[in-house]
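Undergrad: Generate the whole structure from the sequences, applying the supplied hints.
Sequence order for the protein chains is C and P. 261 is the number that this note's numbering gives to position 261 of the first sequence; each next residue is one higher, with no gaps. Plus 1000 on top of the position in the second sequence (first one is 1) and you've got this note's numbering.
I should point out that these hints are in silico values taken from the structure, not numbers from a laboratory. Misleading hints may appear alongside valid ones.
What the hints assert, rightly or not - Non-contacting residues of chain C with respect to chain P, defined by C-beta distances greater than 10 Å in every case (computed):
| hint | residue |
| --- | --- |
| 1 | Gly51 |
| 2 | Asn62 |
| 3 | His129 |
| 4 | Glu145 |
| 5 | Asp153 |
| 6 | Ser161 |
| 7 | Gly190 |
| 8 | Glu191 |
| 9 | Lys194 |
| 10 | Glu212 |
| 11 | Gln218 |
| 12 | Gly230 |
Claimed, not checked - Mimicking SDA-like on lysine to any residue, the simulated pairs with C-alpha atoms at most 20 Å apart in a straight line are:
| hint | chain 1 | residue 1 | chain 2 | residue 2 |
| --- | --- | --- | --- | --- |
| 13 | P | Lys1014 | C | Asp197 |
| 14 | P | Lys1014 | C | Ser2 |
| 15 | C | Lys194 | P | Pro1015 |
| 16 | P | Lys1046 | P | Pro1015 |
| 17 | C | Lys104 | C | Ser2 |
From the three backbone atoms N, C-alpha and C, an ideal C-beta is built for every residue, glycine too.
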Amino acid sequence: MSEVIVVTSGKGGVGKTTTSAAFATGLAMRGHKTVVIDFDVGLRNLDLIMGCERRVVFDIINVIQGEANLKQALIRDKRVENLSILPASQTRDKDALTEEGVEKILAELRQTHDYIVCDSPAGIERGAHLALYFADQAVVVTNPEVSSVRDSDRILGVLASRSQRSEQGESPVKEHLLVTRYDPARVERGEMLKVEDVQEILAIPLLGVIPESQSVLQASNQGVPVILEGESAAGKAYSDAVGRFLGEKIEHRYMGPEKKGLFSRLFRGAA
Amino acid sequence: MSLLDFFRASKRAKPSAEMARDRLQIVLAHERISRDGDDFLPRLEKEIMAVVARYVEVENDRAIVKLDRSDDVSTLEIEIELPTKAREENKPDRMRASG
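TA: Right, here's the structure in full:
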C-alpha cells in the first residue's frame, strides 16, 4: 500500500525542501521505494538540494502535458537505491499544474512506490493546494517563530477542510509536526519559543525537532540531502524523525542545550 | 542607569518567547473561529460584546469566543478580558500581557 506524504508549511524558507529531500532519502534508505516530487513550478529547487540538477531532462509539466512519460521524467538517485526525483518545471507557467494531471501522476506512482513525498511550494495558492490535496499524511514544517507558527496553523486548516480526504469525508489527513531550526540555547534564554509551546498551540503530534545546524547549509552547498551527513546533529535528527514516522519508538534528542565539555568551551569546536 | 537598575529591569521584563506564545494563542483563537465554519460565532461574539459593553468598558479585540465540538460534549468558551484600573487611568499596564 502506498502513501502520499505532503511536506508543507505555508511560510517560505522554513525548510520544506530540505525536509522533503532528507525525509525521502531516509525512507528509501530503510528500503522503501520512494519518489519525491517538486511542486514548486517556476521556482524549482529540489533538484539542487538532491544534487541532480544537471540530470533534469523532463519535468512534471512535461508529463502532465503528454510530452514525456513518467519513466522518462523520473531521475534515479545515484547514492541511494529505491529513490527517485520528479522535478518541477523551471520555465513553465504554474497554471500548467492541473488537478487531473497531478491525480493521474500520483495514481501511476502509487502502483510502483511505497511512499510519494510531495514538496509543497510556500503559500496557499494552486501549487501548495495541489501538493496537499491528495495527501494521506502531512509533515508540517514549522520554525519556532510567530509567523511560521501562524502559517502552519493556517495550513492545518486547509488540510482539514480542502484536502481530498476532507472533501470526500474520509478519515482525515494524518498530521505530523516537525520543528526545524531549533536553537535550544536561545530557548533556554527565553528568546525562542519552546517546542512544547509550538506543539501545544498547533495541537498535532510531534514527529521531531531538527536543531539549527551548520551542516544543513553545507549539505545543500554540495547537493547532498542532510540525512546522508550521518555525523551531523540535523542529519541524525532527520533520521530519528523518519524512524518515528515508520512507527519506531525513538526518544527525542537535541531539545536541550548542548552540554559543552571544557575542550569545546575553550576551542568552540564545530558542532 | 545604575547596575542595580539593570538587574531589576532584566528581572521584570517578560522573556520574548513568552510574549510570542501569548500573542499566538490570542491571534490563532480568533483566526480559528472564522475558519471552523461555525459562522454564527463572529456574530455571537459581536452581540455578547455589545451587551457587556453596556455595563463595563471593554475592548473589542479582547474577546475570545471558542466552540469545541466533539462526539460526547461540546463547549462554548467565552473569554473577555477587562481593562484593569491602571489602564483606565491611562497608565501603561504591563500585567495585562500575562493576564
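Undergrad: Taking the hints in turn, state whether each one holds.
TA: Here's how the hints hold up against the structure:
no., hint, verdict
1, Gly51, "holds (36 Å)"
2, Asn62, "holds (37 Å)"
3, His129, "holds (15 Å)"
4, Glu145, "violated (8 Å)"
5, Asp153, "violated (5 Å)"
6, Ser161, "violated (7 Å)"
7, Gly190, "violated (3 Å)"
8, Glu191, "violated (6 Å)"
9, Lys194, "violated (7 Å)"
10, Glu212, "holds (15 Å)"
11, Gln218, "holds (28 Å)"
12, Gly230, "holds (32 Å)"
13, P:Lys1014 x C:Asp197, "holds (16 Å)"
14, P:Lys1014 x C:Ser2, "violated (48 Å)"
15, C:Lys194 x P:Pro1015, "holds (12 Å)"
16, P:Lys1046 x P:Pro1015, "violated (33 Å)"
17, C:Lys104 x C:Ser2, "holds (15 Å)"
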